[in-house]
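Trainee: My request is simple: use the sequences and hints to build the entire structure.
Protein chains in written order, with my numbering: chain U, 61 to 348; chain V, 1317 to 1660; chain E, 6 to 285.
Don't take every hint at face value.
Unchecked claim - With a Cα cut of at most 25 angstroms, we get these calculated DMTMM-like pairs of lysine to aspartate or glutamate:
| no. | chain 1 | residue 1 | chain 2 | residue 2 |
| --- | --- | --- | --- | --- |
| 1 | U | K119 | U | E303 |
| 2 | V | K1379 | U | D220 |
| 3 | V | K1382 | U | E303 |
| 4 | E | K280 | V | E1535 |
Since the hints were derived computationally from the structure, they do not count as laboratory data.
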Amino acid sequence: MNKRALILAGFGAVIILIYFQLLKSGIIFRPGNEPMFIAVILVSLTILFYTDRAKRGEKIYLRSIAGLQALEEAVGRATEMGKPVLFVPGIMDMDQVETVSGLIILGYVAEMTAQYEAGLNVPVSRSIVMEAARETCKESYLKQGRPDQYFDDMVHYLTDDQFAYAAGVNGIMLREKPAACFYQGKFYAESLILAETGNSIGAIQIAGTGSPSQIPFFVTACDYTLIGEEFFTASAYLSNRPELLGSIKGQDIVKLLVMICMILVFIFTGLHHYGWTNLDILTLFTSR
Amino acid sequence: MMKRQIPLLIVIVVGLITLFGHFFSNQGIQNFVDNDSTQWYDIIASFAIFLGALNLLKLQLMKIYKKQNNWQYSILAVLGFFFALFAGFLYRGAYTVSLSGVAVENHQEVAGIIATGTHNNVALITAGLEGNDDYTIPMVFMTEGGAEALGEDLSSYGATVISPVQWGAHLTVKLGNSGSLFWWIFNYIFTPLSATMFALLAFFVASASYRAFRIRNFEATLLLSAGIILMLGRVPVGQMISPWFVGFIFILAMGAVIAPMVKNKFITVSIVVAGIAILTVWGVLTGWDSTRPAIFYFPVLQEWIFNVPTTAGARAIMIGIGLGIVGTSFRIIIGLERSFLGEK
Amino acid sequence: MKKFIDILIKLGSVDRRYIFVLVGLSVLIPLIWPINIPIRATQQSQNVFNAIEGLAPNSKVLVSFEYGPSTKPEIHPMSLALLRQLFENGLKVYATALWPDGLFMSADAFGTMESEYDLEYGVDYVNLGFRPGNEAVVKGIAADIPTLYTTDTRGIQITAIPMMKGIHDVKDFDFVFSLSAGYPGTKEWVQYACDPHNVPMSTGCTSIQVTEVIPYVEHGQVKGILAGMPGAAEYEKLVNHPGLATGMMAAQSFAHLVIVAFIIFGNITYFVQRKRDQKK
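Mentor: The structure is reproduced here in structure tokens:
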């Protein structure tokens, strides 16, 4: 078996042993969180293991994600038509991981708009997101050697209110008629309003969100949609950095472990229900 | 160093404390994780609003100054901004009048004066006067002068006290059908505008459904069927649609589906006729029960769709998204993901 | 026949604005000329009603207002129906808001209740108001309410309010009800307060949010769900007090019928067009 896997497994086992030992004393750790602690260690080590493997040269396969492949096509289309690109990084603040993922994609889109000299318009709903987005765009334009094209007001604040923001973005869409619209972040009910308006102006639309209830609206109205985890893999997919690709594989292995746990729980719960075993496996997975 | 390493260090340290702090029994760490860290964030976000607000003002004022396209709308934006600021922070616009010591024989007269001055119901005011020695008039006055005017009219009947509503409470105070200036803005400007934007969804859902719900392949047909069942099953009119009618439509639809696959048309027709006959006999035997067969009754079908496939799908997507969030957060905490700092 | 098919195909690519007009009329006409459509409560709405009915008089119920003006037509009828059931059953109501707009919604709802019931503030209900912090507020309520709320919406000290005596954290409540339109909302209540501390809860939310909340309902962490305006109408029927939602059901029904009709029509023209293209 892989030497590094053994080392990491050993390390994880030692941490868990120390945790349970210290738990007994009740001084450092509080009881009731054992399943959660084991899960955190397991997930962390799995992701670290595959990240390490990728850094050492293992080729990681990532299936093609149409929405991410279409980013360049969309920016190219906007350049050809001489129209700007609109990027909407969601309506929530930087405390949401979806917003961070959205800004990561913004960085790549900004690189492309810098390269192709297309206009970029980023209306935001939160002030902190405005500052973070400006930093991201500035770095992207600098990286492409086009700092002259960047100006602060390409990222501008509209309002915190959900529907006032939707109204503002709709107004921008109808007035400026961007050729490409990107919706990447956390959205709520305003998602369909934005997507339908974008559809009405004939823009190519690429959406990505971690809000399960908004995915159907984006799928219906947009040309490409990044569903669930596809949205979070954007950084790894676009950068092609080995360590990020490795972490995605680690994430997938964790998903496999979750599926195995679900099957085990299903089987053992059934056995417990019919009295064939005393083990109530659900108590092992309950954390307070 | 300032731009990259220090922010990265802050992210890593705070991220690790937040992740593992949950397990420590130390009260200080618990407080930091549960309360302090989020409060720090809220304070930073609250002060950051100045950045956004100033940016908004700057852009709108530049638009007016340079007379760019549609600059007239920017005047509205700027006026609205300052008006809301004025009503929230500078102008209280909320005064109440309370009345005490009114003689019983004057209740009717006093109620009439109050009702005229506040456009309220006389009977309700009379009841209020009779029930309370110290009666607060059910109206919030936006100006002290307005409160004083009514107070003067009532001064001969009892002792009147004009009180300004506390700062802070003035935002939401409501008596009868009136409130402060801020309350007025919220109820008569902000609320209708927000509701209007949300109402747009109804129209956009209609146009999106019309465009997207086409029987292109099996999955699209499934989406279409589930959509129709849910749309009809969720509303009362769905309960009025007889399941027998739906059953007959289903049999005819099945006939249409199998017709291209079966060469002998006689077989297709026989199957359809047999299906109709079976359903008819079933209906006659059960007295055409309006809620059975349940498999064709829209409210039952939509409940099943919600409880079984929707829940399963929602759980699967939630788990996937949850893992995605775990993965991304972990990469951010260990410093692997630095794109949000501008690094690639 | 050919002319008919041509017209059909032409109508298939109708400008969306005609669809908007028809949808608008289908909503407007039943509102102007009301139509009484019988409403049947679903099992989920019934579960919510039963959960509240099962509470003993003087039980303490925490009601959280997490919606704003945009979702007021959907959720406010639920709020009113819920408060009516709570006050009629003699339950004590503690209101809080995780959204700033929720503060106005709660004030509006209690204003309506004051005109219908003989209520004494501080004895029958108290409005603790809004605190910023999203899920941190929920955690604060789960851990230490007096530190989080020192005054209520009227500026009265919490210690001076009779019904706040003995209220320290979420475990001191017998039931929690979340009226939610998004984030923070039902999920945060389940994750940080009610499920960890075994406090029963229920929720009323927008139709869009139901898919996110339904796994918690199915697992029993949330006792029933009022799903959007139909849920509000069903609940109004159960509490025997038809209100706004009941009146709007006819409009919603007709709007749905119009949309379904458009979908069917769209598919007919799609097939006709496809057959014609295949022949060519």
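Trainee: Run the distance test for K119 (chain U) versus E303 (chain U): straight-line Cα separation, threshold 25 angstroms.
Mentor: The given pair, whose Cα atoms are some 11 angstroms apart, holds under the 25 angstroms limit.
Trainee: Given the hinted pair K1382 (chain V) and E303 (chain U), is their Cα-Cα distance within 25 angstroms?
Mentor: Roughly 49 angstroms between the alpha carbons, so the hint for K1382 (chain V) and E303 (chain U) is violated.
Trainee: Tell me if the straight-line CA distance from K280 (chain E) to E1535 (chain V) falls inside 25 angstroms.
Mentor: Given that 25 angstroms is the threshold and the Cα spacing comes to 21 angstroms, the pair holds.
Trainee: Below or equal to 25 angstroms on CA atoms is what counts here, so check K1379 (chain V) against D220 (chain U).
Mentor: holds (21 angstroms)
Checked against the numbered hints above, the structure breaks only hint 3 and satisfies the rest.
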